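Peer 1: So you can see what is in the structure, the chains are spelled out below.
4 protein chains.
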Amino acid sequence: MVVTLHPAADRESVVRALTARGLTVAFVAADADGVRIVLAPHSAAVAVSDIAKIEGVRSVAAPASAHPKIDAQGPVVDVRGVRISSDAPVAMCGPCSVESERQIRAIAKTLGNLGVSFLRGGAFKPRTSPYAFQGHGAQALAWMKSAADEHGLRVVTEVLSERDVDAVAEHADLLQVGSRNMQNFALLKAVARAGKPVMLKRAMSATIEEWLLAGEYLLVHGAGGVVFCERGIRGFDPATRNLLDLGAVALLSQVHRLPVVVDPSHAAGRRDLVPALARAGLAAGAAGVMIETHDDPGRALSDGAQAIPLSGMAELMESLGARRRAA
Amino acid sequence: MVVTLHPAADRESVVRALTARGLTVAFVAADADGVRIVLAPHSAAVAVSDIAKIEGVRSVAAPASAHPKIDAQGPVVDVRGVRISSDAPVAMCGPCSVESERQIRAIAKTLGNLGVSFLRGGAFKPRTSPYAFQGHGAQALAWMKSAADEHGLRVVTEVLSERDVDAVAEHADLLQVGSRNMQNFALLKAVARAGKPVMLKRAMSATIEEWLLAGEYLLVHGAGGVVFCERGIRGFDPATRNLLDLGAVALLSQVHRLPVVVDPSHAAGRRDLVPALARAGLAAGAAGVMIETHDDPGRALSDGAQAIPLSGMAELMESLGARRRAA
Amino acid sequence: MVVTLHPAADRESVVRALTARGLTVAFVAADADGVRIVLAPHSAAVAVSDIAKIEGVRSVAAPASAHPKIDAQGPVVDVRGVRISSDAPVAMCGPCSVESERQIRAIAKTLGNLGVSFLRGGAFKPRTSPYAFQGHGAQALAWMKSAADEHGLRVVTEVLSERDVDAVAEHADLLQVGSRNMQNFALLKAVARAGKPVMLKRAMSATIEEWLLAGEYLLVHGAGGVVFCERGIRGFDPATRNLLDLGAVALLSQVHRLPVVVDPSHAAGRRDLVPALARAGLAAGAAGVMIETHDDPGRALSDGAQAIPLSGMAELMESLGARRRAA
Amino acid sequence: MVVTLHPAADRESVVRALTARGLTVAFVAADADGVRIVLAPHSAAVAVSDIAKIEGVRSVAAPASAHPKIDAQGPVVDVRGVRISSDAPVAMCGPCSVESERQIRAIAKTLGNLGVSFLRGGAFKPRTSPYAFQGHGAQALAWMKSAADEHGLRVVTEVLSERDVDAVAEHADLLQVGSRNMQNFALLKAVARAGKPVMLKRAMSATIEEWLLAGEYLLVHGAGGVVFCERGIRGFDPATRNLLDLGAVALLSQVHRLPVVVDPSHAAGRRDLVPALARAGLAAGAAGVMIETHDDPGRALSDGAQAIPLSGMAELMESLGARRRAA
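Chains as they are written, first to last, in the working numbering: chain A, 1 to 327; chain R, 1 to 327; chain X, 1 to 327; chain Z, 1 to 327.
Hint data in this document are derived by calculation from the structure and do not stem from the laboratory. Predicted model only: the values in this text are computed from it and were never measured. Mixed in with the good hints, there may be bad ones.
Each pair may be met inside one copy or between any two copies, as identical chains are not told apart.
[Unchecked claim] With a straight-line cut-off of 25 Å between C-alpha atoms, the simulated SDA-like cross-links for lysine to any residue are:
| hint | residue 1 | residue 2 |
| --- | --- | --- |
| 1 | 189 | 11 |
| 2 | 189 | 133 |
| 3 | 189 | 169 |
| 4 | 69 | 194 |
| 5 | 189 | 65 |
| 6 | 69 | 105 |
| 7 | 69 | 6 |
| 8 | 145 | 62 |
| 9 | 145 | 301 |
| 10 | 53 | 311 |
| 11 | 69 | 81 |
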C-alpha cells in the first residue's frame, strides 16, 4: 500500500497513526510530488478507507487482491452437511494408508463413536521412494466409503493423478490435494472440475500468498469450496519432521477468515508431540484437526511412528473436545 | 541409537516393535556380525532398557547426552519465589523499550493488577541499524526495578554486553540472552557467572540441540537455572515476521521436561496475531508467555506495530487466564 | 554407516582414520558387544571395503542405496546425439514462454550461431496465478520444434499434465519436469513411459535424497536417462528470488557422478546476477546452463526482469565459453 | 521505490520500460492522484534519474539507504599492504584451530610458498558444546603472528569476546567476527574501535540487508574497512553442512561493489566439495577464498573432516590460481 501525504502533513504523526493501527512501515520516501509511505507486505484486513481518514493523508493506493474468489469465499465450507469452520472444529481421523477392508471398518467404528466427523485414509499414496507401498487404489476407495457410510462419517482422501479424479470424486466427500501437488496446476484444474469441496494442503515451502493463489485456481475452475490444511513446512531440525506454522493458521483463520485444518501428525512425524500440537492448532484458530491413527501402529504400512494407537483415540478426542467446546 | 539383533531374530518384528514405540528407523544394515538398526535422531525419552527388552534385540548402543546438566535441571525454575513451569504458566509483559520512568510505572501498575508476574522491558536494545534507538541503558534498569518492586513484579531484561552483566544482574531477577546472542559464548559465560536464572532465547535458525547446548554453557558456568524462550525462527514469508516453532516448544516441554516461554510478539511481528499465538503456545505446553504492550503503540520507539495497547491487556490476560487455569 | 570396533581397538585412532578420510562421526556409543561408531549422513562414495581395512575395525554395516538405478546411470546422458556431461557443458537457452512463431524463429537463429545446443521455451506454463498467461500450448510446441530443427538445436520444454505427455514427447528431445512437479509422482510415471530423456528440476525445498529418489521413479518407469537441474531453492531474502545451491551441484556432479544443469535465471530472478551465477555453476561442475533470453525483455509475457536481452547473448556465451573450454 | 505516472501515461509501456531495465514490479495501484508502481525490493544500483527519464513517469520516490557508510566504502580493502578485491582474489588458509607453535610454523611455511596471502587459525574458538576444545587463546595469537611474519603472511583470526579485542588487534591484521556474532552489537562496537579492518562473516540466516547493516555498525564505530565473508547459511539437507549462497556473493560483489570472501570449508563441512565450491565462489565474484588446511586432518582438534591435507594444498592453489588469474 502506498500512502501519499498532504504537503503540510506531519510525517511523524502519520507514521504514528499507521503504527497504532498495527501496520508496519516499509519505507518513507519523498519525491517532487510529496511524501510517500510504503507499508510492509501485510495480509491484514485494514480498510483503505480507514487509512484515508488519518489526518495528513492525501491518498491511498492499494493493489487489488490477486485472489478475489478466495477472499469472497467465507469462513465455512459445507461438506455434505458437515460445516468446516473454526466455530466448531471437526476431527478428521484414520490410517495413513487404507490397508484392508477389515482394518478400515474397525477404525471407522471406533471413530464414529468418538465424535469424529471425517474418516481419512490413503488409497493412492504419494511415496518418496518408487519402491514403497503405493496404496490399494480404487479398491481402498470403496472400502473407505462403505465403512464411513456405516458409521455416519464423511470421507476425505487424496487424489494423486488427473486420471483418478472421477474415481475419487465418486467415493470422497472432500477431495484432498497433497502438499507435493499444491502447485500441480493440471491436477488443481482437474480436481476443481469435479465440483466438490477440496482440502488443499500447503506445499513444503509455499508462501501464504502462493497457497491462496492455488486455492484461487480451485475456485476459478469450479471447486465447491476450499478448505486449507497446514501440515508443517520444511524445517532444518531433524528432531521434528516438519515445522508446523501456526502463524499461518492464525492468519488464515483470523485475518483472512478462511477455514484451515491442522495436521499435527505429519508436522511432528512423531506420536508423542501430536496431542500438544493438535491442541495448539485449535487454540490458533483451526477449523479442524487431521490425525493419523492405526489399530496396530507397529504394523502400519506407512508412517507408523506418528500414528496414535486406536486405543488411545478416546483420550485424545476427550482432551481436544474440551478445547473444541471452549474454542 | 544402534540396535543390534540376535542372529536368529526376525528383523521385521523388531522394526515393528520399535515403530510401535513411536521410534523411526533411519536404516537397517547388516555386516558379518549381524543386523544393525539405526534409529533416526529423536529427542525422545525412550529408555534404552525398554528397547533392550524387545525380543530379538541383542544389544543397544546409545550415545551419551551432550548436555547432562540441562537434562538434570528439571521442569521448574524458581525466580525469586516465582516458579516458572508449565503447570502454572506465567505472563511476562511490558514495553519493547523502557522509554521513561513515567511510562514504565504506569505500565507496571496496570500489569500488577492483571496477574502478570514479570515486568519486561528493554534497557539495552539490540537494533539491526546503528542509527536506531539503542535504549536508555543503566537508567532504564533502575526505573524498571523500582516500578516492578512497587507492584510486586519480577524483572526480566536483556543483557547485550559482557560489560553490562553486573549492572543488569543488580536490577533484574531473570537475565535475558537474546536470540542474536544465543551462541555468543563469551556473553553466555559472563551472564552465567552472575549466578542468577537466565532466560535464553532461541537463535533465528538454531537447532534444538544447539539451543540445549547453549543452555549447557549457562549451567556449566554457574547460572541459577535456564528458562528457554521460543520467539520464532527465520521464515520465508513476509506476511509473518518470524515462524513460531511450537513443535520445539512441545518437545522441550513434554519430552525434555524443561520450562519454555513463548514470545508471540516477536514471532508474529504484528499485533493482530499475538493473542492466537499466545493461546497456541500455552496449549503446546509453554511455561509462560512474553507479550509486548505499550501505553501508546503509535509512539513506541521500537516495534509499535506488534505491541498490544495497554488498554487491551485486561481482555487478553482474561482470555489467556482461562487457558492457563485449564492447562 | 555403523562401524563396529574390535574389543581391543583404540577408539581414538579409528576416529582419526575416519576423519582423515573426510568422514564425520555422528556419535560413538558402546554396548555389551563393543564400540559402535555411527557416521553422519554423507553422500560420499567412500568404499565400505576401505573403511573395513582400518586397524581396529571389526565390521562395517552400510545401508543399501535407495536409488540403485540412478546410482548406475553414469555421468553422461545422450539427447539425440548431444551429450550432456560436465566434461563439455552445454547451453540451453530461449524465452521463458514461446510467444509467437516469429519470435522463436528469430531467437533460434541467433542461438544457433552462438554454439547453444538446446532451445528452451515454455509451451505449457506453470503460473502461480490462475489469471496469468498459461502458455500457447500445443501450437507453441510445433513452432519451437520447427525453429530448432532449422538451426540444429535440440528442444527442451516442460510437461505440466499427464494428458500432454504424448504431445510434448512428439516435439521435444528432452522432457522437463518442473520444480513444482518434482514429487508429482503421477506425472513422473507418465513422463517416464514416453521413454525419452528427462530433465528433472529440484523442488523448492527438496533434499538431495528426495531429488535422487524422484529420478529413480523416472528410471524405474522407463525414462531414457535423467538430467538433474538446480534452479534455486526457497530462501528468505527478497534480494534474490531463490537460493542457488551449488553445494548440491558439486555433490551430484563430483560425488554421485550425475549430470546436473544449473538454471541461474530462475535462481536469481534478476538479470544482473545471471552471468556470475552461470559461471559459478560451471565452476561447481555443472553439465550445462539453462538461461532465459528474450528479444525484447520489456515485452516478455513472463519473467522479463530475469531475461538476458538476445542482443547480449553473444557476449555472455563468449564469457561462459572460455569457462566451458577450461572446465 | 515508488514510481508515480503522469495522468495520461500508458501504464503498460512504463511497466515494460522498468522490466527492460531488469526491475521487478511488486504491484501497480491507483488512487485519486494517479497510478503508482511499486518495485520489488531489489538491491540494484539502478539510478533514480534513469527511471525518472522513462516516458510517462512523473516522479520517483526512493528510500534513502540504511547503510550510507558501507555504500561509500568501495570494492577494495587494504590490509597492511595486501589489497582485498575481486580484481585479484586472495587466499586465506590455515588450520581451524592453532594447535601448537610447531604446527602453525609448518603450515605457514608451506602456505607462504604457494602464494597464499593470509594465515588463518583459531585462537579463541566458538564451540557449540561447552565441553569441546575452546582454543589455545592468547598464546596461539603469538604463535600465529610469529609464523606469519616469518613467511610474509598477514594474520586473520576471530575475536570472540569484547575483553579479547586488544589482544587480538595486537597480533592480527584482519579481525574476524564470526557468524554467531554477526549481530553481537557490543562486540561489533568493541572490534570497530580497534580501528583495524574487519572481516564480517554472515550469520546463519541473516538477510543481506542485515549483513550490510552489521557492516555499517563497524564503520560507524571506527573500523578500518569491512570485508564480508559468506560461509554458508542454514539449510535443511544433512548432505552438506551449510548452504553456500553465491547469489549473495554475486550481489555484494557485482551490484554493491563490496569485497566478499567465500569460505567453502564451513559451507560444505566436507573436504571433497571444497575445491569445487572455492572455484565457484571465485567465478561468482569473490575477492578471496578462506580454506581450512591441516598437516594431519585425522588429528585435528576441530573440523578435521573438512580440512584439506596440507600436502594437497599445492594442487588446490594451482587449480584456483588459474581461475584467479582468469577472473
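Peer 1: Now, for every hint given, state plainly whether the structure supports it.
Peer 2: Verification of the hints:
1. 189 to 11: neither (48 Å within a copy, 32 Å between copies)
2. 189 to 133: Only across copies: residue 189 and residue 133 sit 15 Å apart there, 27 Å inside one copy, limit 25 Å.
3. 189 to 169: Both: 14 Å inside a chain and 22 Å across chains, each within 25 Å.
4. 69 to 194: Classified as within; 18 Å inside a copy, 38 Å across copies.
5. 189 to 65: within (21 Å within a copy, 37 Å between copies)
6. 69 to 105: Classified as neither; 38 Å inside a copy, 39 Å across copies.
7. 69 to 6: Neither, since 35 Å and 32 Å both go past 25 Å.
8. 145 to 62: This pair counts as neither: shortest intra-copy Cα distance 47 Å, inter-copy 43 Å.
9. 145 to 301: within (20 Å within a copy, 45 Å between copies)
10. 53 to 311: Between copies, since 23 Å is at most 25 Å while 58 Å is not.
11. 69 to 81: within (22 Å within a copy, 49 Å between copies)
Going through the hint list in order, the structure does not satisfy hints 1, 6, 7, 8.
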